[in-house]
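Q: Position chain B against the provided structure of chain A, taking the given hints into account.
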Amino acid sequence: MALLEVEGLVKHFVAERSLFGRVRAHVKAVDGVSFSLQAGKTLALVGESGCGKSTVSRLILRLIEPDAGTVRFDGRDLLSLDAAALRKFRREAQIIFQDPYASLNPRMTVAQILTEPLALHDLVPPAQRRERVADILRLVGLEPRLARRYPHEFSGGQRQRIAIARALAVEPKLVICDEPVSALDVSIRSQILNLLRELQDRLGLAYIFVSHDLAVVKHIADRVAVMNLGQIVETADAGELFAEPRHPYSRALLSAIPLPQPHAKRARVVLQGEIPSALNPPAGCRFHTRCPFVIDRCRAEAPALVSDSAGHAAACHRVSELPPADTILPATAGFSPALAKLVAAFSRKTEGAAGPGVGIQSASPPTT
Amino acid sequence: MSASPLIEIRDLRIRFHGDDGRVTHAVDSVDLSVANGATLGLVGESGCGKSVTSLAIMGLLPKQTTEISGAIRFDGFDLLKTPDQTLRDLRGNRLAMIFQEPMTSLNPSFTIGDQIIETILRHRGGPRKSARERAIELLRRVHIPSPERRIDEYPHKLSGGMRQRVMIAMALACDPRLLIADEPTTALDVTLQAQILELMRELKAASGAAIILITHDLGVVAEVCDEVAVMYAGEIVERAAVDELFAAPQHPYTVGLLGSIPRLDHRAEQLATIEGMVPNMAQPPAGCRFAARCPFALEACAKAPPPLVEVSPGHLSRCIRAPLERLVS
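In order, the protein sequences belong to chains A and B.
Residue 1 in my numbering sits at position 1 of the first sequence, and the numbers go up by one each step.
Going from the second sequence to my numbering is simple: count from 1 and add 1000.
Bound-form chain A, shown alone:
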């Protein structure tokens, strides 16, 4: 059984009211989203600004209430939980936000930040909390002596480690990562991505990874759902989706990402026009205003998300007629032979010489 099952999730925000409070316009932020996630796996929600990916993550945690749909976590229907049961659920599902500068309380020390969830959920007796905080810090590659410091004393990457530590303090089964590396510099980004993967292997965590960056998603996801204007337009296992993207929007996203490889031979799908507003999404297929393959049917009739036997689903009327996708990503491997050797040497050496408090140190999983 899947850890998380989401069925027909809908959230419309009120955008405008008349003088007498009658609703005039809705933003259809999430409009019929369904997916499931296995324990210990990573599902990536991908899309551009305003596609509803962050709203989905907040709906799952019931930080906002959905208008329709069901969310089942470990067999329980989340939407029918009362306050006490909801609190218990939130111990099992945590979230990490994009901006580590904004998501940590500047007036609390790291120890306080990490002790709070332990106390709230009454997980660890007060006498052992200090030891537990040290364990968690070691787990995310920070030195326990840093617990007395305040967030402003840390760099962006270290703060994101603290945010991860806070999420992991309550031993969740599911962690929602909402653009966790978008605000970080490239070299720091790779440290956090490596850490997230290592923690997943070690602790059996399931991730919902919300991101606009398909290169990052390719690195971390087992399964990918591409969203456009509140709906999933394509979902598949990560290998499948990157090897053979079916929906024109997924193809456009993939081809739009600049590759760190000069003169890479690849087909370009440059979309014309702007992203339509979710306030007034186009009729029929919501992608039709930007789609290079649009026909009359797309303007009138919304396509259903149809899955094949392997679980690769796309919502497009013309999916069987589209040209093959093999030119969107170049077949040649990214690194030149010389660079591959250099990078391997670089990584090998740094592993041996990781500085204290920065590298990922060996730590045992926390015990209660």
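Since the hints were made in silico from the structure, they are not lab data.
Where is the CB? At the ideal position from N, CA and C, for every residue including glycine.
Worth double-checking, as some hints may not be accurate.
[What the hints assert, rightly or not] Okay, the calculated bits of chain A under chain B, using three or more residues with CB under 8 Å as the criterion:
{"hint": "1", "segment": "112-122"}
{"hint": "2", "segment": "246-257"}
{"hint": "3", "segment": "271-284"}
A: For chain B alone, kept in the frame of chain A given last:
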């Protein structure tokens, strides 16, 4: 490459004097040149000095707290010694800049037309009517639909991608010889980024202007640049033609950067990481500034600052262990 470059930076040093008396070494001995019609990518992470370098070219650094030495030769001027009045004539005219945040770099209380026309009138003069016509023409060049109508709209009516197009139109208003683009696509979604990069390529081909593109995204560099300069802690650590740099980088920092980006064309089990932190630039290290984080560092690296040397024709590296192939063969 032509004999005399369009812009030539020699031994640029920039220090900031803080309120508490601390001196930050923002940029140190930077040498750069860009030929007519070429695109140079200036790459590095936050705080490496890439934006400060561009602000120095534009003469936009605060005079009271900044100490600048060296020379920036552009079009017969030394920009560091040019009086403010002349600099104002150059900026927006032969020298133009696009910033990262199109939301904050347009004035919200004027229409986009007013803002473009102001630039044209300031530098070119002439009747307002013809300036307006030129503004419409510029908006059309950056592919803004129905420019005759859009020109009278205020910035808040436009989306992020549109605003960035307006910024580009404004920068192109007086046919600049040099365009500095500071992270022009970082705030945009990928499909819009692709449109803007396409536009920049197109405009470069049409106008022959030189571009300095400042970015942290090596993918963007690979797509639009001819030459790349990698900056670390205020210094240029490597300079090469774009193909060279991506095929065989000669500075360990560049190797680390290239290894640490997740790639669409290659799935690594483990990404490379650059351990440690950037040095405190109030007291830069005596030797190589990257030595403390460098897996290839020797004792000698921490002792004396390495010079920027030519490893192969046109490929410069600030590393005493270059060529790096020796280390892995």
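Q: Look at each hint and say if it fits the structure.
A: Tested hints:
{"no.": "1", "hint": "112-122", "verdict": "violated (count 0)"}
{"no.": "2", "hint": "246-257", "verdict": "holds (count 6)"}
{"no.": "3", "hint": "271-284", "verdict": "holds (count 4)"}
Going down the numbered hints, you'll see the structure goes against just number 1.
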